Amino acid sequence: MTRKAVALISGGLDSLLAARLIQQQGIQVEGINFFTGFCVEGHTHAIRKHDRNREKRNNALWVAEQLGIKLHIVDIVEEYKDVVINPKHGYGANLNPCLDCKIFMVRKAHEWIKQHDFDFIITGEVIGQRPKSQRKRYLPVVAAESGADDLLLRPLCARNLPPSRPESEGWVAREQLKDFSGRSRKPQIALAAEFGFEDYAQPAGGCCFLTDKSYSVKLQDLWDNRGTREYEIDDIMLLKVGRHIRPSSDFKLIIAREEGENNFLHGYRRQFQTIKTVSHAGPLALVEGARLNPQQLELACAITARYSKGRDADSVELLFSDRDQETRTIQVKPLAADEIRPDWVIV
Amino acid sequence: MNDIIELDARRLLCPMPVIRLQDCLAKQVSGARVRVTCTDPGTMSDIPTWCRINGHRVLENIQQHDEYIFLVQKATDGD
Chain A
601 MTRKAVALIS GGLDSLLAAR LIQQQGIQVE GINFFTGFCV EGHTHAIRKH
651 DRNREKRNNA LWVAEQLGIK LHIVDIVEEY KDVVINPKHG YGANLNPCLD
701 CKIFMVRKAH EWIKQHDFDF IITGEVIGQR PKSQRKRYLP VVAAESGADD
751 LLLRPLCARN LPPSRPESEG WVAREQLKDF SGRSRKPQIA LAAEFGFEDY
801 AQPAGGCCFL TDKSYSVKLQ DLWDNRGTRE YEIDDIMLLK VGRHIRPSSD
851 FKLIIAREEG ENNFLHGYRR QFQTIKTVSH AGPLALVEGA RLNPQQLELA
901 CAITARYSKG RDADSVELLF SDRDQETRTI QVKPLAADEI RPDWVIV
Chain B
823 MNDIIELDAR RLLCPMPVIR LQDCLAKQVS GARVRVTCTD PGTMSDIPTW
873 CRINGHRVLE NIQQHDEYIF LVQKATDGD
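Chains A and B supply the protein sequences, listed in that same order.
Those letters in the first sequence? Residues 601 to 947, by our numbering.
Those letters in the second sequence? Residues 823 to 901, by our numbering.
Everything hinted at is true.
Some, not all, of what chain B presents toward chain A, calculated at C-beta under 8 Å:
id, residue
1, Pro837
2, Ile841
3, Gln844
4, Asp868
5, Ile875
Straight line, CA to CA, 30 Å or less: simulated BS3-like cross-link-like pairs of lysine-lysine:
id, chain 1, residue 1, chain 2, residue 2
6, B, Lys849, A, Lys670
7, B, Lys849, A, Lys714
8, A, Lys681, B, Lys849
9, A, Lys708, B, Lys849
Since the hints were made in silico from the structure, they are not lab data.
Keep in mind the model is a prediction, meaning the values are calculated, not measured.
Backbone N, C-alpha and C fix where the C-beta goes; we use that ideal spot for every residue, glycine too.
Make the full structure from the sequences, and use the hints.
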């Protein structure tokens, strides 16, 4: 009887190697990849024009193709909110709930194997590879709190851990698994070479925006100013784009930095008040918050004009639009650079 | 069987267009055809790759202005 395993595929090297080690033992492997909304992959490249010529490759799909396995991509945006908002085990250095995230994903994978009649779950975890979620004392926590228990196998470090059920039942040979530990990538790079994998994704700041300091500051600002720790998918997409400037607690400007961001923000023109420079080349800005009063509107326009080609002009004309309904033109003198207060800029 | 199901994935960023296509195909019978319209240039790579690894066929792949349109046929049993 051929045993079946589902591998959590992030698109990185570790999950690629873990899945290959198990495939080599004659196990049928399929991949699962979770979309949280915070994934770095693809989005900024798709939005920003100067990134448009970069190779666009979804690394999870690339990994699946290298392995010759099916990949199931699961939208967990709604369910994931509770992980981000109420992490039982707290946050890492930023708003990254890495341990709760791993528990959640393994729990979803466990539900998936029960629904699809698979036998066990594989992850690319390595003891000590990451500062929190892969500490040795947390690996049993992931297995226990996810409900996967001994159906969770970590092929890259299995020989440093008590045998999982796939090992104790003889579904896989423990001696063919690995005993990697620590932060060094050398064992993984050597194993990749042994398997003939090239051109795999290199870790560069993680695959989740929540590990990014600037992004986390923007999310915290959003929560603080709404008075509630909630978000929608559009909120977290917009935090990836543009300059975020909050001159008062009543409103925030999201100002495009280049043409690609302009086009992306333009798609939100029916949901937000918008400001666009018309007398000079310049950015589109979304206004997030209550309807602007005349003083706020003048300030918002003067800030937006600062980021246009007319920044040194005496007067810049802008078009204000309220959710693509009411529009009017406004003339302002752009703010000088030193009039943009540092505490307005959310970074 | 000859009908083509239209799927609008415009303004969605990857991997959402792939997820929409995946979820749409899951409800169809083998051989069904879905035409998905996208605006994220990343779909030019992601949709053919996802189809390839899951056994579905891309029958047409058209770029029209800023839209990327794929006609996909669901894998037949045994694929």
